[in-house]
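Protein chains in written order, with the working numbering: chain A, 413 to 936; chain B, 26 to 133.
Warning: the hint list may mix true and false statements.
Stated by the list, open to error - Per label pair, the in silico range of CB-to-CB distance: (1) B/His38 / A/Glu779: 15 to 23 Å; (2) A/Gln672 / B/Val90: 19 to 27 Å; (3) A/Lys445 / B/Ala113: 40 to 48 Å.
Stated by the list, open to error - Result set (DSS-like, lysine-lysine): computed pairs, CA atoms no more than 25 Å apart in a straight line: (4) A/Lys897 / A/Lys908; (5) A/Lys810 / B/Lys55; (6) A/Lys798 / B/Lys122; (7) A/Lys911 / A/Lys723; (8) A/Lys911 / A/Lys897; (9) A/Lys798 / B/Lys97; (10) A/Lys847 / A/Lys564; (11) A/Lys695 / A/Lys798; (12) A/Lys847 / B/Lys55; (13) A/Lys507 / B/Lys97; (14) A/Lys448 / A/Lys562; (15) A/Lys712 / A/Lys695; (16) A/Lys564 / A/Lys911; (17) A/Lys723 / A/Lys821; (18) A/Lys666 / A/Lys676; (19) A/Lys562 / A/Lys847; (20) A/Lys767 / B/Lys55; (21) B/Lys101 / A/Lys798; (22) A/Lys676 / A/Lys897; (23) B/Lys27 / A/Lys507; (24) A/Lys666 / B/Lys101; (25) A/Lys712 / A/Lys470; (26) B/Lys55 / B/Lys27; (27) A/Lys821 / A/Lys810; (28) A/Lys463 / A/Lys448; (29) A/Lys897 / A/Lys810; (30) A/Lys520 / A/Lys470; (31) A/Lys666 / B/Lys97; (32) B/Lys27 / A/Lys810; (33) B/Lys122 / A/Lys767; (34) B/Lys122 / A/Lys507; (35) B/Lys27 / A/Lys767; (36) A/Lys897 / A/Lys723.
Unchecked claim - Computed list of chain A residues with no C-beta within reach of chain B, every gap over 12 Å: (37) Ser659; (38) Ser728; (39) Phe845.
Worth flagging that the hints you see were computed from the coordinates, not collected in a lab. Just so it is clear, the structure is predicted and the values come from calculations on it, not from any experiment. Virtual Cβ for every residue (Gly too), placed ideally from N, Cα, C.
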Amino acid sequence: ALKGGSRFQVSAALTEGRVAPTELCQRCLSLIKSTKFLNAYITVAEETALKQAEESEKRYRRGQPLGVLDGIPIAVKDNFNTAGIETTCASNMLKGYISPYNATVVQKLLDQGAVLLGKTNLDEFAMGSGSTDGVFGPVRNPWSYSRQYKEKSVPKSHSEDEESNWVITGGSSGGSAAAVSSFTCFAALGSDTGGSTRNPAAHCGVVGLKPTYGLISRHGLIPLVNSMDVPGILTRCVDDAAVVLGSLAGHDPKDSTTIQDNFKPFELPNLTDVSKLSIGIPKEYHAPGLSSEILALWSKAADLFKNAGAKVIEVSLPHTRYSIVCYHVLCTAEVASNMARFDGLEYGHRSDMNKSTESMYAATRREGFNDVVRGRILSGNYFLLKQNYENYFIKAQKVRRLIANDFVKVFGSGVDILLTPTTLSDAVPYIEFIKEDNRTRSAQDDILTQAANMAGLPAINVPTGLSERGLPLGLQFIGQSFQEKQLLTVAKWFEKQVKFPMIQLEVKRHDHGAFQHQKSASFS
Amino acid sequence: QKVTVEVLDHLEHLALVDFRDAEGVERLRKAIQFADQLHEVNTEGVEPMDSVLEDRCLYLREDDVTEGNCTKELLKNAREKVEEYFVAPPGNIPLPKLEERETFLQGS
């Protein structure tokens with residue numbers, strides 16, 4: 413079940429008693445240990461996870477599981493508050509901070525009996541597109557250690573260490589994506605402000621769902637950009653994402669930006685007839701720098717829909733090229749405001765400087781934040797200065813409306829779903845990635861994903877194929893507000909057509925021998 | 026050049042975060058340059074958008090106490106405290122002026 417099994421299959425195994433929750437938990441914990449070099453986890457909550465698994469086992473024995481998620485091991489990005497467990501946001505500012513409460517989404521998963529294995533690694537405060545800029549170091553893409561990648565990589569010299577060839581996960585939810593991709597958990601929570609769930613999902617070959625803004629509670633998610641942040645869902649297949657969505661969506665009185673409409677969890681139909689579907693291909697997403705491989709894949713996908721009888725048309729979202737600039741201004745402005753809470757007084761790092769409140773705050777923030785965070789705070793404050801407010805902040809808000817309206821026009825013209833690439837290329841090696849600074853990288857990498865955040869629309873990455881280097885390539889579907897069922901139904905149909913290959917991970921396991929042995933013991 | 030030492034100093038005061046080095050200042054300059062592209066867009070007659078949910082009303086709950094009594098929990102994460110108080114250094118003391126504080130901007 414650890415190999416490629418969807419959570420449904422594991423749930424069936426749990427219900428039928430073929431595997432016990434504690435055994436499943438133990439296997440995942442052991443796999444986390446053998447894949448420690450990926451650096452996907454910041455905190456592994458071994459004791460509490462095993463306790464949760466034991467409770468789940470008791471429920472299964474009584475024949476009273478809480479639901480489909482009961483006993484399922486999950487991981488949570490380290491910018492969600494988890495009661496009693498350290499929450500660091502991969503920053504010195506929150507090292508040692510033990511949350512006094514659970515984020516609503518975490519509480520919901522626990523209430524369904526899910527087993528929380530640990531907190532995953534990210535870029536500091538979710539700022540970045542590589543999961544390379546956190547204080548606990550970068551996350552390594554599990555595909556770096558796949559047979560598919562190794563077969564295609566040509567050693568540059570005899571002395572070149574395989575070690576230096578590893579590729580990034582993308583970000584900022586890289587730890588969560590790596591955790592799901594390497595089978596250490598069945599689902600993981602990420603966050604998505606500019607693409608932070610979809611980007612690493614594409615690079616790690618997993619499904620990454622960004623729900624409509626307002627559908628899932630942000631209470632307990634340490635905020636970056638209040639008007640764009642959403643919790644993201646990472647799983648190995650679209651059906652699993654639908655199940656997790658079903659357990660998380662809905663109004664939360666603790667987050668007044670969640671809509672009050674009644675949300676009904678849904679099961680995805682097995683779509684066979686796509687002839688009534690209209691797929692839009694936004695021409696502006698043929699962005700500069702888009703790799704020819706991805707362009708070809710995108711074209712092939714469009715043909716797939718066409719040949720199946722769907723209507724596939726080119727559409728235009730004319731303000732696309734400004735969305736990254738708009739995002740840059742709005743993001744830094746909201747970040748400047750949200751990061752103001754870190755002053756050392758009530759929680760988190762506190763400097764020894766005690767001459768005055770202001771100097772203590774300044775020293776605390778000097779010591780606690782990395783360059784990226786400080787840079788965004790300063791830029792944000794610049795754009796919010798009285799003399800700049802109208803020309804930058806308000807201007808960006810106006811451009812935001814134009815971007816959102818582009819989507820309204822296109823969907824209003826009869827298009828159901830948009831099909832676009834998720835990233836410009838496959839995952840790059842770490843040593844190459846760090847040659848450019850964080851802001852440049854983010855600007856390049858967020859180009860295809862962040863307009864959906866600007867407009868609040870749901871979007872999903874579906875792993876589609878492998879690149880020439882043997883690494884995952886994903887494509888993105890963008891849907892209409894609160895039409896997750898339609899979005900996921902189409903995504904599931906597409907997933908079935910492309911049959912993305914399973915990762916052939918080559919890892920030595922600690923107490924169960926070689927990973928290959930585990931394959932024969934699986935039961936999916 | 027709109028990014029003068031006065032502006033940088035002002036920002037350090039507002040943000041209570043420092044530029045640290047020349048790279049930090051350059052980072053800001055590049056950020057502004059990048060943001061200036063916004064001015065190419067014609068936004069005549071366009072209203073600023075605060076939220077994608079602007080057509081809906083924010084949820085307001087009843088003004089009833091539903092939770093609390095967690096003083097001990099909340100104080101756990103604070104480093105300096107006395108009884109039920111968070112302890113701060115003396116307030117109303119402005120950050121030292123540019124010449125007097127430890128900042129990269131000094132001598133710019």
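Consistency of the hints with the structure:
For the pair histidine 38 of chain B and glutamate 779 of chain A, the beta carbons lie near 18 Å from each other, so the given range of 15 to 23 Å is met. The hint said 19 to 27 Å for the Cβ distance between glutamine 672 of chain A and valine 90 of chain B, and at roughly 22 Å that hint holds. Taking the beta carbon of each, lysine 445 of chain A and alanine 113 of chain B are about 43 Å apart, inside 40 to 48 Å as hinted. Proposed proximity of lysine 897 of chain A and lysine 908 of chain A is supported: the alpha carbons are some 16 Å apart, at most 25 Å.
For the given pair, lysine 810 of chain A sits about 22 Å from lysine 55 of chain B by alpha-carbon distance, which is consistent with the 25 Å threshold. Proposed proximity of lysine 798 of chain A and lysine 122 of chain B is supported: the alpha carbons are some 21 Å apart, at most 25 Å. A C-alpha spacing of about 22 Å is found between lysine 911 of chain A and lysine 723 of chain A, which places the hinted pair at or below 25 Å, so the restraint holds. Proposed proximity of lysine 911 of chain A and lysine 897 of chain A is supported: the alpha carbons are some 21 Å apart, at most 25 Å.
In summary, the hint linking lysine 798 of chain A to lysine 97 of chain B is not supported, as the alpha carbons are separated by about 41 Å, beyond the 25 Å threshold. This hinted pair checks out: lysine 847 of chain A and lysine 564 of chain A have alpha carbons roughly 23 Å apart, not beyond 25 Å. Taken as a hint, the lysine 695 of chain A and lysine 798 of chain A pair is broken in the structure, with Cα atoms around 38 Å apart against an allowance of 25 Å. Between the alpha carbons of lysine 847 of chain A and lysine 55 of chain B the distance comes to roughly 17 Å, so the proposed pair stays at or under 25 Å and holds.
A distance of roughly 20 Å separates the Cα atoms of lysine 507 of chain A and lysine 97 of chain B; the hinted pair therefore holds under the 25 Å criterion. Between the alpha carbons of lysine 448 of chain A and lysine 562 of chain A the distance comes to roughly 19 Å, so the proposed pair stays at or under 25 Å and holds. For the proposed pair lysine 712 of chain A and lysine 695 of chain A, the alpha carbon gap of about 15 Å is at most 25 Å, so the pair holds. Under the criterion of a C-alpha separation no larger than 25 Å, the hint pairing lysine 564 of chain A with lysine 911 of chain A is consistent with the structure, at around 20 Å.
Among the hinted pairs, lysine 723 of chain A with lysine 821 of chain A is consistent with the structure: their alpha-carbon atoms are about 18 Å apart, no more than 25 Å. As the CA atoms of lysine 666 of chain A and lysine 676 of chain A are separated by approximately 20 Å, the hinted pair is consistent with the 25 Å bound. Between lysine 562 of chain A and lysine 847 of chain A the alpha-carbon distance is near 23 Å, which keeps this suggested pair within the 25 Å criterion. With a CA separation close to 34 Å, the supplied pair lysine 767 of chain A and lysine 55 of chain B exceeds the 25 Å bound.
A C-alpha spacing of about 38 Å is found between lysine 101 of chain B and lysine 798 of chain A, which places the hinted pair above 25 Å, so the restraint is violated. Distance check on the hinted pair: lysine 676 of chain A and lysine 897 of chain A sit about 10 Å apart at the alpha-carbon level, within 25 Å; holds. Only pairs whose Cα atoms come within 25 Å are accepted, and lysine 27 of chain B paired with lysine 507 of chain A is rejected, the gap being roughly 37 Å. Distance hint between lysine 666 of chain A and lysine 101 of chain B is fulfilled; the C-alpha atoms sit about 23 Å from each other, no more than 25 Å.
Our distance criterion of 25 Å between C-alpha atoms is broken by lysine 712 of chain A and lysine 470 of chain A, whose separation comes to about 49 Å. For the hint linking lysine 55 of chain B to lysine 27 of chain B, the alpha-carbon distance of about 13 Å falls within 25 Å, and the restraint holds. Note on lysine 821 of chain A and lysine 810 of chain A: the hinted pairing holds, with a Cα-Cα distance of about 17 Å set against a maximum of 25 Å. For a cut-off of 25 Å, the pair hint linking lysine 463 of chain A to lysine 448 of chain A stands: about 22 Å separates their Cα positions.
The straight-line distance between the Cα atoms of lysine 897 of chain A and lysine 810 of chain A is roughly 30 Å, outside the 25 Å bound, and the hint therefore fails. With a CA separation close to 20 Å, the supplied pair lysine 520 of chain A and lysine 470 of chain A stays within the 25 Å bound. Taking the CA atoms of lysine 666 of chain A and lysine 97 of chain B, the gap is about 22 Å. The hint holds against a cut of 25 Å. For the suggested pair lysine 27 of chain B and lysine 810 of chain A, the alpha carbons sit about 23 Å apart, so the restraint of at most 25 Å is met.
For the hint pairing lysine 122 of chain B with lysine 767 of chain A, the CA-to-CA distance comes to about 14 Å; that is within 25 Å, so the pair holds. Proposed proximity of lysine 122 of chain B and lysine 507 of chain A is contradicted: the alpha carbons are some 31 Å apart, above 25 Å. Taken as a hint, the lysine 27 of chain B and lysine 767 of chain A pair is broken in the structure, with Cα atoms around 33 Å apart against an allowance of 25 Å. Distance hint between lysine 897 of chain A and lysine 723 of chain A is fulfilled; the C-alpha atoms sit about 19 Å from each other, no more than 25 Å.
Every CB of chain B lies more than 12 Å from the CB of serine 659 of chain A, the least distance being 21 Å, so the non-interface label holds. No beta-carbon of chain B is positioned within 12 Å of the beta-carbon of serine 728 of chain A; the least distance is around 16 Å. Every beta carbon of chain B lies more than 12 Å from that of phenylalanine 845 of chain A, the smallest distance being close to 18 Å; the non-interface claim holds.
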